[in-house]
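Residue numbers (our numbering), protein chains in the order written: chain A, 1 to 397; chain B, 1 to 397; chain C, 1 to 397; chain D, 1 to 397.
Because the hints were derived from the structure by calculation, they are not lab data.
Possibly wrong hints are sitting among the right ones.
Copies of the same chain are indistinguishable here, so a pair counts whether it falls within one copy or spans any two.
[Said to hold, decoys possible] Dumping the calculated DMTMM-like pairs for lysine to aspartate or glutamate here, alpha-carbon to alpha-carbon at most 20 Å:
#1 Lys65 to Asp83
#2 Lys193 to Asp376
#3 Lys187 to Asp281
#4 Lys200 to Asp51
#5 Lys65 to Glu380
#6 Lys187 to Asp197
#7 Lys8 to Asp356
#8 Lys130 to Asp253
#9 Lys203 to Glu182
Protein chains: 4
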Amino acid sequence: MSQAVVFKLLGRRVRLGLIGGAQGSLIGPVHRTAARLDDCFDLAAGVFSSDPERSLNSAHAFGIKRGYTDVQAMIEAETVRADGIDAVAIMTPNDSHYEYAAAALDAGLDVICDKPLTNDYDSALALARKAHDRGRILSLTHNYSGYPMVREARATVTGGEIGALRLVNVRYVQGSLSRPVEAEPDKMAPRTKWRLDTAKGGKSHVLGDIGVHAHQLMSFVCGRRIAAVLADVGPSLPGRTAHDTAQVILKFDDGTRGQMLVSKVATGAQNVVSIEAYGEDGGIFWNQAEANDLRVMRLNRADEVRTRGLPSLHPHAQRATRLPTGHPEAFFEAFANIYTDFAELVAARIAGAEPDPLAQLTPNAWTGVDGLAFIDACLESTATGTWADVVYEHDRF
Amino acid sequence: MSQAVVFKLLGRRVRLGLIGGAQGSLIGPVHRTAARLDDCFDLAAGVFSSDPERSLNSAHAFGIKRGYTDVQAMIEAETVRADGIDAVAIMTPNDSHYEYAAAALDAGLDVICDKPLTNDYDSALALARKAHDRGRILSLTHNYSGYPMVREARATVTGGEIGALRLVNVRYVQGSLSRPVEAEPDKMAPRTKWRLDTAKGGKSHVLGDIGVHAHQLMSFVCGRRIAAVLADVGPSLPGRTAHDTAQVILKFDDGTRGQMLVSKVATGAQNVVSIEAYGEDGGIFWNQAEANDLRVMRLNRADEVRTRGLPSLHPHAQRATRLPTGHPEAFFEAFANIYTDFAELVAARIAGAEPDPLAQLTPNAWTGVDGLAFIDACLESTATGTWADVVYEHDRF
Amino acid sequence: MSQAVVFKLLGRRVRLGLIGGAQGSLIGPVHRTAARLDDCFDLAAGVFSSDPERSLNSAHAFGIKRGYTDVQAMIEAETVRADGIDAVAIMTPNDSHYEYAAAALDAGLDVICDKPLTNDYDSALALARKAHDRGRILSLTHNYSGYPMVREARATVTGGEIGALRLVNVRYVQGSLSRPVEAEPDKMAPRTKWRLDTAKGGKSHVLGDIGVHAHQLMSFVCGRRIAAVLADVGPSLPGRTAHDTAQVILKFDDGTRGQMLVSKVATGAQNVVSIEAYGEDGGIFWNQAEANDLRVMRLNRADEVRTRGLPSLHPHAQRATRLPTGHPEAFFEAFANIYTDFAELVAARIAGAEPDPLAQLTPNAWTGVDGLAFIDACLESTATGTWADVVYEHDRF
Amino acid sequence: MSQAVVFKLLGRRVRLGLIGGAQGSLIGPVHRTAARLDDCFDLAAGVFSSDPERSLNSAHAFGIKRGYTDVQAMIEAETVRADGIDAVAIMTPNDSHYEYAAAALDAGLDVICDKPLTNDYDSALALARKAHDRGRILSLTHNYSGYPMVREARATVTGGEIGALRLVNVRYVQGSLSRPVEAEPDKMAPRTKWRLDTAKGGKSHVLGDIGVHAHQLMSFVCGRRIAAVLADVGPSLPGRTAHDTAQVILKFDDGTRGQMLVSKVATGAQNVVSIEAYGEDGGIFWNQAEANDLRVMRLNRADEVRTRGLPSLHPHAQRATRLPTGHPEAFFEAFANIYTDFAELVAARIAGAEPDPLAQLTPNAWTGVDGLAFIDACLESTATGTWADVVYEHDRF
């Protein structure tokens with residue numbers, strides 16, 4: 001269906017250039033699979049590594065015809081081809097996002113980028129402004145908001161079904177840093193190494209890596225911004241300097257209470273991502289482990305369990321659904337929804353058409369900027385031991 | 001089995017005098033049922049209400065032979081009878097706990113009391129000292145620690161099975177105050193009314209009513225004290241003054257991180273009480289809704305689901321179990337475990353015998369004092385907006 | 001509340017004489033706890049074992065004043081006392097149920113009896129007729145139908161909420177006979193031994209022990225009788241003669257399809273008891289492991305999860321509920337509901353009053369007769385390898 | 001990784017011709033998405049409908065370059081092209097499977113085909129023999145056996161971890177025929193219409209459509225064949241002739257008991273597919289709704305919950321896994337595993353190499369033949385009302 005939208009607008013698939021995700025990468029296959037899932041993209045070109053040989057070998061291994069050894073070279077070559085790429089997908093370490101995204105936008109390409117948008121607020125804001133000024137799309141793969149039932153949750157909460165919102169709680173916990181892995185740097189996977197390196201991974205590992213997902217999930221579902229935080233962010237193991245845990249009490253801009261627990265020392269918790277939100281008339285609960293269900297609670301009445309695929313769901317969820325109820329969808333499909341939203345936005349941009357408003361709910365540059373403002377506030381609160389406002393210099397939500 | 005212990009020591013049941021819990025009370029039937037469950041008590045006497053007629057009517061309605069109209073009168077009359085009560089069970093509004101418990105202890109009676117022990121730290125400490133000085137038992141009905149699998153959790157965590165503890169999270173959320181019920185005082189149930197009245201219910205409704213349960217659950221399972229808190233406690237509805245929500249980031253005395261969400265505006269959350277704790281080697285998760293199971297997570301290995309009744313459980317859980325696996329036990333049985341521990345402690349005290357050390361894990365006066373210290377710290381942190389130490393003037397954990 | 005009903009009718013508790021359940025028994029404490037839970041009974045007398053010394057020791061150990069050494073003697077002595085027992089509770093091996101129940105009924109006492117009612121259809125029918133002729137109550141502890149949400153399920157299905165019924169499936173599986181325990185008779189618990197002895201336990205162990213529960217659960221929830229069965233009942237281990245598994249395809253009297261899996265070789269299945277029923281408009285699912293919830297499914301709409309304690313439940317469930325939502329009840333409370341129904345029926349019978357019609361839904365002698373007819377049909381079908389009708393010589397459902 | 005295997009063997013992707021799955025089809029997108037997921041195939045050609053215009057329009061809509069209007073024409077044209085297809089994927093109504101598969105095999109192409117293989121045993125056997133004689137691959141999309149944790153279940157059961165197998169139970173229930181949809185043929189979806197038409201969909205709708213999945217799941221996990229059945233298969237609604245429900249008691253060839261409930265009148269059951277198997281030492285339970293977990297039960301010990309992605313799983317599950325634990329995979333990924341196994345088998349066949357033995361576990365023509373033998377036995381048992389043997393004229397399991 002999405003493919004039909006893209007074909008109708010463009011008469012072809014969106015041509016995508018990949019940046020990052022060489023052989024051995026964990027996130028590379030996720031992006032490529034997500035891009036392939038709904039068949040809206042041609043994976044036409046790519047630079048897969050800063051090591052030229054590794055980049056070309058990866059292109060060959062992935063069966064991608066136009067391998068390059070340098071991002072700038074790819075952009076230059078592709079933008080002069082008749083069948084050149086329309087957009088790039090960035091899945092490199094965080095510290096390079098700005099450079100690659102800026103170059104692509106400057107060349108008139110649309111961009112889909114892994115989170116966090118950058119490692120600091122200023123460069124994120126600069127990218128958001130650049131995308132705006134150039135009139136190009138900049139999407140961010142906050143994949144948890146691609147789950148249909150997360151979109152149902154948003155429609156439920158922002159549509160007033162649970163009444164005036166009072167309390168929100170998000171957990172994103174896993175155990176990838178339960179043990180002092182940094183004590184044996186030789187045994188660390190490269191992807192762990194650069195993430196723990198503040199120069200590449202950002203000043204707060206846990207916040208940049210998974211905290212921004214929790215922040216986006218909470219903001220997306222509730223449809224409002226976090227105004228202030230009372231946080232304690234840092235390491236949990238003796239001798240560790242990298243931040244592995246973020247504990248946050250927060251207030252939304254309308255005074256609603258929120259809470260967040262984000263940690264990488266939750267041993268045995270298998271990447272648990274969940275949100276619960278309560279209003280005066282009801283509540284919602286979603287948990288990635290049961291991604292196809294949304295629990296809707298109602299004051300003094302039986303709970304509802306809404307299941308992906310039911311005809312009674314909001315269009316937000318319908319749009320993001322491929323299979324009938326009882327045929328579960330999961331992580332790849334949610335990730336693909338972000339890619340497919342992007343494909344529709346790109347196709348509409350090129351065709352000069354109005355995209356589906358629901359596709360525009362997909363995370364964008366401003367989402368990324370908000371995330372970095374949130375990180376800054378959490379770190380300030382941790383440093384001072386008291387409340388810190390989240391400062392947004394920008395208007396757009 | 002517990003009955004056998006009591007009979008062996010005393011040759012009879014423990015004789016109990018009830019204070020509070022008249023007809024129409026919610027908690028009264030819970031206490032009486034819990035006391036009856038293992039048949040270790042004679043419910044021999046009682047003052048059920050400060051209204052003399054209501055007290056006597058309740059005694060008659062409950063089939064309890066010796067109804068009184070005044071606590072002091074009951075204590076005086078019973079202590080001179082050959083078959084007089086050994087102990088009292090207090091289930092009155094919080095502000096009367098001190099008076100009744102002190103009078104009973106002064107008369108040489110043992111006491112089992114609903115939580116919170118009192119409404120302020122000083123009087124709680126005075127009771128704890130009095131119980132100690134008089135050599136009498138003072139148990140507190142923190143019933144969640146009566147669940148066999150919570151005791152299994154404690155044995156697992158404190159026994160080192162999950163390695164060095166790093167992170168603990170407790171949720172106690174319900175929706176009893178989701179709506180502004182105080183706006184129509186005439187429609188409020190008496191039990192809600194006194195609880196929201198700070199003179200009777202204490203300075204922070206949510207902390208005194210359910211926060212102390214969360215505090216005790218966390219301390220009990222982890223076997224350590226909370227040292228400092230960063231908290232935001234207060235109302236969540238416009239116009240409300242009563243505290244309905246407590247959000248707490250905390251540190252244990254060994255530096256372990258903890259977090260707590262306690263709220264009465266979680267509409268549709270059915271008295272959700274859960275704890276998760278993570279160490280370097282594994283984790284545990286317990287949730288009242290699946291009270292017969294304890295999830296034990298292990299680094300890079302399959303989770304274990306331990307079920308009440310299995311022969312492989314720790315003696316802590318075995319002791320608190322009546323039925324084989326697959327025959328679930330629940331709230332009353334957990335509450336009864338506190339009563340039965342108390343019966344064994346009383347019988348041992350009277351007989352001059354050593355009680356089972358596992359019975360001594362049951363919540364006592366010091367647990368109550370700790371809870372009030374925790375409340376004070378949370379309120380101080382809320383007022384100052386920064387960390388507050390939990391001040392313990394007493395030694396005993 | 002039930003206590004209030006009994007006191008209003010009788011001015012006192014129902015006086016109960018216990019038959020069976022000596023020290024070391026598994027089911028004895030369950031019956032006594034269930035009888036004690038709502039405080040509707042005086043456990044006034046008892047014969048606990050056919051061994052006189054063991055019987056008296058048990059009476060002493062349980063704190064029951066009037067211990068006897070012989071059932072007939074108890075009945076004679078009690079029926080002449082002013083404060084003699086009103087009823088007996090039978091928890092002895094199956095082969096003695098008839099004798100004790102008949103003697104009690106003949107003496108004008110009401111009876112509550114463990115299942116199966118007897119080991120054969122004829123004696124069960126004789127007891128049912130005797131109870132009817134004598135005008136006495138004969139209740140049967142099919143405890144699973146005591147769960148409030150099973151009663152909600154019945155009200156939902158029989159009230160037409162799920163439309164015309166089409167398919168019902170019941171599972172009752174456990175692993176108590178997974179291993180060839182009978183190969184080492186010396187190590188077998190006495191309760192296993194008599195149950196596997198066909199003279200005492202009945203001709204088909206699995207059907208008499210747990211199959212009748214599955215049968216009653218299914219009949220109770222659906223409010224209709226099983227008309228015919230296609231069954232395979234027998235042992236599953238090489239060398240075993242005792243029946244450990246019953247597999248049944250069945251038709252209700254209105255043609256509705258049903259299926260049943262009952263087994264004691266389901267290793268690690270912790271006494272799993274569940275029922276699902278489907279009609280043209282919806283379905284229900286209940287599972288003992290989540291006893292406080294009833295899932296109600298609805299064609300093309302979100303599922304409902306109804307929770308014990310909600311004000312929106314049917315009176316059938318409300319009546320059987322003690323605690324608010326989120327404070328779970330379990331096995332003992334469900335068992336107690338059968339005892340409490342019995343107490344109300346006995347009190348009404350003595351007082352010459354009409355009992356609550358909902359109390360009359362509790363399993364009775366006819367339930368027991370139906371169960372034995374079902375056993376006979378399953379065994380006939382197994383023997384012939386084809387369908388067998390369930391023959392009911394009696395009218396009453 | 002699978003792509004790497006294919007590229008290593010072939011130097012390119014497997015070229016696939018699609019048969020069926022025009023615009024509006026439900027199963028077409030599933031096959032195409034599954035084929036695309038791991039990027040092992042070029043979807044190079046296709047005949048999407050027997051309506052020529054619809055076929056070509058679909059090719060265009062799907063962006064597939066070589067659209068054809070006739071299967072034979074496609075096979076002829078492609079087999080003479082240097083870059084012609086290696087294999088076909090058949091997703092047409094059941095009655096055409098034989099013709100298309102036979103034509104493809106005769107032309108030297110490999111085949112992957114939707115289930116059931118055909119509508120009758122003889123033609124299925126003929127296809128199996130043809131595939132064998134021609135030395136070509138014939139895979140069958142029994143997608144449930146593509147789930148990694150189903151493969152873990154097989155490894156666990158067949159590896160002896162749960163001891164000698166004693167009891168197996170499978171449920172495959174949904175509510176797609178809860179209502180008498182055939183009463184309004186004009187409103188029926190085309191895919192429902194042909195399925196209920198016995199000429200196209202086969203003699204027993206429920207068995208051909210989902211019963212063969214249940215049969216294959218059971219056989220696959222247990223690694224043994226069903227020898228005899230006691231079944232009742234037919235409609236459940238008054239006036240319906242199509243079979244909507246199959247109830248089966250069965251024996252495996254080693255005497256192990258099995259049971260099956262397969263129905264399309266389970267209103268509100270969302271395509272529930274589950275299997276439980278019990279041996280003397282333990283048991284397993286898997287349910288599609290929690291597809292990433294396998295519950296492993298162990299006599300008198302805590303259950304294990306094994307999660308997809310754990311390093312401790314069997315290679316059977318590892319091979320079928322793309323994402324780390326906690327990043328759930330679901331229906332498409334399981335379906336893709338069948339396609340990817342097929343790609344590896346085809347590549348190895350062409351390259352003259354030995355495929356991974358684990359890829360050879362994927363369902364094949366013999367699986368299809370077994371399924372049709374099972375259908376025949378169930379129908380015979382239903383007709384006679386007694387046990388029927390499953391007759392296998394072929395040797396291979």
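- Task: At 20 Å max between alpha carbons, let me know whether lysine 65 reaches aspartate 83 within a copy, between copies, both or neither.
- Result: both (13 Å within a copy, 17 Å between copies)
- Message: Reference check for the pair lysine 65 and glutamate 380, CA-CA at most 20 Å: within, between, both, or neither?
- Response: neither (47 Å within a copy, 57 Å between copies)
- Message: Checking an output row: lysine 187 and aspartate 197, CA cutoff 20 Å. Within, between, both or neither?
- Response: Within one copy, since 15 Å is at most 20 Å while 60 Å is not.
- Query: Is it within a copy, between copies, both, or neither that the alpha carbon of lysine 200 lies no farther than 20 Å from that of aspartate 51?
  - Reply: within (17 Å within a copy, 57 Å between copies)
- Message: Cα distance capped at 20 Å. Does lysine 187 pair with aspartate 281 within a copy, between copies, both, or neither?
- Response: between (52 Å within a copy, 19 Å between copies)
- Message: If the cut is 20 Å between Cα atoms, do lysine 203 and glutamate 182 qualify within a copy, between copies, both or neither?
- Response: So lysine 203 and glutamate 182 pass the 20 Å test inside one copy only (16 Å; across, 47 Å).
- First find the shortest C-alpha distance between lysine 8 and aspartate 356 inside one copy, then the shortest across copies, and answer within, between, both or neither for a cut-off of 20 Å. within (13 Å within a copy, 42 Å between copies)
- Query: How would you label the pair lysine 130, aspartate 253 (within, between, both, or neither) given a Cα cut-off of 20 Å?
  - Reply: neither (27 Å within a copy, 49 Å between copies)
- Query: Is the C-alpha distance from lysine 193 to aspartate 376 at most 20 Å within one copy, between copies, in both cases, or in neither?
  - Reply: neither (23 Å within a copy, 43 Å between copies)
In the structure shown, a violation is registered for the earlier hints numbered 2, 5 and 8, in ascending order.
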